[in-house]
Amino acid sequence: MQEVVVHPGSIDEALASRGARAEVPPPRLGEIVLPSRTLSPAQRMEIYQRMYPLRMEEALEIDYPTLKAFLGESGFRRFVREYVASFPSRSYTLNRLGDHVPEFLRTARGLRHRAFCHDLARLELAMTEVFDEVETPALSAAAVGAVPADAWPSLRLRPIAAFRLLELRYPVNAYLQAVRDGARRRRPRRQDGWLAVFRRSYRVRRLELSRPAYRLLSDLASGVPLGEAVVAAARRRGPASAGQTQLYRWFREWMKNGVFMGLEGLEPSTNRL
Amino acid sequence: MLASHPPAPRVFALNKWNFPDLGIGVGLRTVHFGHILAKRPSVDWFEVLSENFMDTGGHPLWVLDQVAERYPIALHGVSMSIGSTDPLDREYLRKLKALAARTRAHWVSDHLCWTGVAGRNVHDLLPMPYNEEALRHTAARVRQVSEILERPLVLENPSSYVEFASSTMTEWDFLSRLALEADCGLLLDVNNVYVSSFNHGFDPRTYIDGVPADRVVQYHVAGHTNKGTHILDTHSDHAVAEVWELFARSCRRTGNVSTLYEWDEDIPDFATLHDEALKARAYREEPARRPARFARGA
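Going line by line, the protein sequences match chains U and B. Just so you know, we're using our numbering here: the first sequence kicks off at 14 and counts up by one. Just so you know, we're using our numbering here: the second sequence kicks off at 34 and counts up by one.
Please keep in mind that the hints were generated in silico from the structure rather than gathered at the bench. Just to be clear, a hint being listed does not mean it is correct.
Unchecked claim - Footprint (simulated), chain U over chain B, 3 or more residues, beta carbon under 8 Å: (1) 191 to 198; (2) 255 to 268; (3) 297 to 305.
Note that CB positions come from ideal geometry on N, CA and C, so glycine has one too.
Take these sequences, add in the hints, and give me the full structure.
Now the structure itself:
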């Protein structure tokens with residue numbers, strides 16, 4: 014029955030598919046499924062088969078509304094059909110159905126603006142992940158104030174769980190916002206961008222970053238001690254370098270947005286946080 | 034209206050575990066979160082879709098915590114796949130148990146169905162053949178789940194569009210024997226009884242009268258979509274009079290049991306939903322006729 018339900022073709026094609034035939038040859042369907050007063054066994058099976066793609070589409074539309082806006086109704090339906098054939102649900106929850114969408118789009122054949130769609134899916138997946146992450150308290154100003162000045166260089170700043178960093182090749186954040194606002198959408202055009210996606214007060218937020226800010230945040234998120242990360246940021250040449258004033262602004266903004274949850278590496282005697 | 038049929042015998046049967054009659058509840062749905070938190074409507078209880086809250090640490094879980102502080106909760110799932118031949122998903126059951134503890138859920142329910150095999154999940158409530166082999170298989174799994182959850186599992190009769198030639202008993206006979214052999218409770222969905230009776234051509238009153246009354250711990254009432262040749266269980270409308278009649282008939286056997294109105298598609302505003310649920314009052318038993326333990330809400 015499952016082979017028939019998940020088949021993307023017509024009910025006749027589904028019943029004649031190799032998987033279905035291995036279980037029940039089409040002429041013998043009536044020996045397995047009874048007819049009703051009004052429907053043949055095949056028509057009864059078709060009820061389940063028709064509902065399956067609708068349910069998959071509904072689930073993916075919740076997580077990828079902007080991708081759907083970009084692909085259009087029929088394009089999105091085609092994408093869903095091909096995607097669930099490659100990555101069927103293996104979880105008890107439909108919330109995980111879309112986890113492989115970026116991976117699928119990266120190599121999807123025959124898809125126009127594939128790289129743009131890939132970036133867009135990465136952004137929407139990051140937003141979904143951040144939405145569902147466990148809540149972790151943000152680092153308070155009091156905790157920061159309690160750190161001795163000489164302890165800072167060796168400290169590691171740990172980001173909150175609901176935090177993702179994205180390096181993008183297309184301006185998908187602006188596109189997503191334009192879709193939400195009902196504004197005119199620009200044609201996909203290559204443009205590098207950097208983004209932090211995080212949750213604050215149970216709302217998913219998106220913060221556009223400069224490249225040097227992104228690199229510094231990446232270093233910190235991967236556990237590089239603060240002093241080492243700051244020195245690296247200051248030494249970088251070209252567009253990735255950062256001055257002291259800029260560093261101060263960045264940290265102020267990140268603290269204000271609550272993207273850090275803890276400090277690691279304090280000496281036991283000073284670990285009063 | 035349903036054609037003439039002998040009235041159901043008036044048999045009050047306290048449910049086996051003495052689960053309380055929580056009254057008339059509705060499903061907790063995302064579109065109503067704001068209204069529920071802001072207005073604190075006078076709903077008796079909420080049914081929570083387990084899978085919607087098992088893997089989130091964000092806003093939905095925060096809302097659920099607030100709701101569980103103020104209202105009684107029962108958990109209702111769609112993914113246990115109790116009839117499947119795949120092994121039980123231990124991780125799923127662990128999370129379900131944790132959610133039940135977190136919300137102080139009065140009971141945990143799912144459906145008599147399977148949702149997939151060979152590791153796949155089609156996320157539909159697929160029908161089972163009703164025969165001795167399936168009964169033995171399902172009863173063993175229900176007992177396993179009850180042991181893991183450390184509470185009796187409650188199973189709902191599904192609506193279905195297919196019947197199997199290998200079935201040797203009716204759905205209500207299967208459910209009745211399952212309830213006794215696996216010691217589980219029943220969530221009797223009277224709309225599902227009606228939908229399946231139309232699709233398969235049996236008298237829904239025979240079904241209602243054939244279920245062991247002392248195992249019924251919850252009711253579902255819902256709307257459906259009649260396509261002419263068959264009825265789809267869409268939960269997208271008001272319940273038809275025949276469904277309410279079945280509900281009243283069953284209440285005469287079970288006494289008042291926790292009742293929930295399901296509305297999952299084209300969900301209306303909260304007041305409309307709650308008004309539809311409260312129609313159940315007209316069909317439930319008068320409190321004076323209830324057994325004493327029900328009257329006290331024990």
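Hints versus structure:
With 5 residues having a beta carbon nearer than 8 Å to a beta carbon of chain U, the stretch 191 to 198 of chain B meets the requirement of three or more and the stated coverage holds. For the stretch 255 to 268 of chain B, the assignment as covered by chain U holds, since 4 residues bring a beta-carbon within under 8 Å of that chain's beta-carbons and 3 suffice. As drawn, the stretch 297 to 305 of chain B meets chain U at 0 residues by the rule of a beta-carbon pair under 8 Å; below three, the given contact is violated.
Violated hint: 3 only; the structure is consistent with all others.
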